[in-house]
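Q: Mind the numbering: the sequence shown is residues 12 to 316 in my numbering, read in order.
Hints are not guaranteed to be accurate.
Within a straight-line C-alpha distance of at most 30 Å, the following computed DSSO-like cross-link-like pairs (lysine-lysine) qualify [as the list claims (entries may be wrong)]:
1) 185 - 230
2) 45 - 85
3) 307 - 114
4) 262 - 64
If you are wondering where the hints come from, they were derived from the structure by calculation, not from laboratory data. In this text the structure is predicted, and so the values were computed from the model without any measurement.
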Amino acid sequence: MKTTFSKRIIHALYAFFSRVPLLGMALKRWKINKNFSLERKVLKAQHQSSSKKQSVLLFSVYRAGSTFIGGLMKKIAGQAGLTAVDLDGYFYQLGKGKEWEGKGRVMLDVPYQSTGYFYGPFRSFNRGVRNIEDYKILLVLRDPGDVIVSSYYAIYSHVTPLLEDKQALRTRMKRRKKELEQTVDEFVINRLDGNSRLLNRYYQYHKELMGKPNVLFLKYEDMVENFDAWLDRLIEFLGMDFPREFVDRLKAGADFKVTKEDIHKHKRQVTPGDHKRKLKPETIDLLNSKTKEIRKLFGYEAILK
Numbered sequence: 012m013k014t015t016f017s018k019r020i021i022h023a024l025y026a027f028f029s030r031v032p033l034l035g036m037a038l039k040r041w042k043i044n045k046n047f048s049l050e051r052k053v054l055k056a057q058h059q060s061s062s063k064k065q066s067v068l069l070f071s072v073y074r075a076g077s078t079f080i081g082g083l084m085k086k087i088a089g090q091a092g093l094t095a096v097d098l099d100g101y102f103y104q105l106g107k108g109k110e111w112e113g114k115g116r117v118m119l120d121v122p123y124q125s126t127g128y129f130y131g132p133f134r135s136f137n138r139g140v141r142n143i144e145d146y147k148i149l150l151v152l153r154d155p156g157d158v159i160v161s162s163y164y165a166i167y168s169h170v171t172p173l174l175e176d177k178q179a180l181r182t183r184m185k186r187r188k189k190e191l192e193q194t195v196d197e198f199v200i201n202r203l204d205g206n207s208r209l210l211n212r213y214y215q216y217h218k219e220l221m222g223k224p225n226v227l228f229l230k231y232e233d234m235v236e237n238f239d240a241w242l243d244r245l246i247e248f249l250g251m252d253f254p255r256e257f258v259d260r261l262k263a264g265a266d267f268k269v270t271k272e273d274i275h276k277h278k279r280q281v282t283p284g285d286h287k288r289k290l291k292p293e294t295i296d297l298l299n300s301k302t303k304e305i306r307k308l309f310g311y312e313a314i315l316k
């Protein structure tokens, strides 16, 4: 087992040599291949789970706790004997995240299997899963107003893909610089102007998933305010028997406390209603107007201004 000191040395060496032309690209590709070796096998149909339990899909959106919930589900999947597969993470690190997501995740024929796997998190609907009614599906969403505000502050802590090409990276940094010149109100107004991709994702989720017997809709807000009850609902839906000690460890390990808000950290703050604390009254009015229908569809009308 590597010591903490040796891990730091290895990390420092990797950070140094990854900046060297050619060698750096080779190191980054090696890291991706190592971290996502399972995903590569799944894509090539070279992996077969031994579990016969129903596969699980996790859908969410960016800035709705999807990274935390994905990690939580990976632990649950491991305990249940399911194989956890993160295809969104794999294609993002390859620098192909936009292509993968923009094409509805059907840029290639992925051999999804309805037993033995946990796939996710997906941050928009996946049109590539055939016979989606054969899967157990988790849909976790957050108040869209808080998602948009959180997206603004995420600019400060955003991590770029390992293998993004130079042109794409320049475009990303140029867009980021432009966004950083905006106030949070200007950012929100621009995100709501015209055809909002985020709001369209909510509408598509409602159309494709809500009300289906194999779908459990969970709110981010319930997760951070009463994690124990939220987790109990999730586990009950999965219909899997877990040792009480395992569930207790999951509950004890969930920490949503943020003592001081730091815009440079991924977990900047978690308290629901952040858009009401950060935005001007007129921006809140616009936000409420643009998201009113979605809030009603997903039961968020109670937190309107």
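Q: Determine for every hint whether it applies to the structure shown.
A: To see whether the hints hold, each was checked on the structure:
{"no.": "1", "hint": "185 - 230", "in the structure": "violated (34 Å)"}
{"no.": "2", "hint": "45 - 85", "in the structure": "holds (18 Å)"}
{"no.": "3", "hint": "307 - 114", "in the structure": "holds (28 Å)"}
{"no.": "4", "hint": "262 - 64", "in the structure": "holds (24 Å)"}
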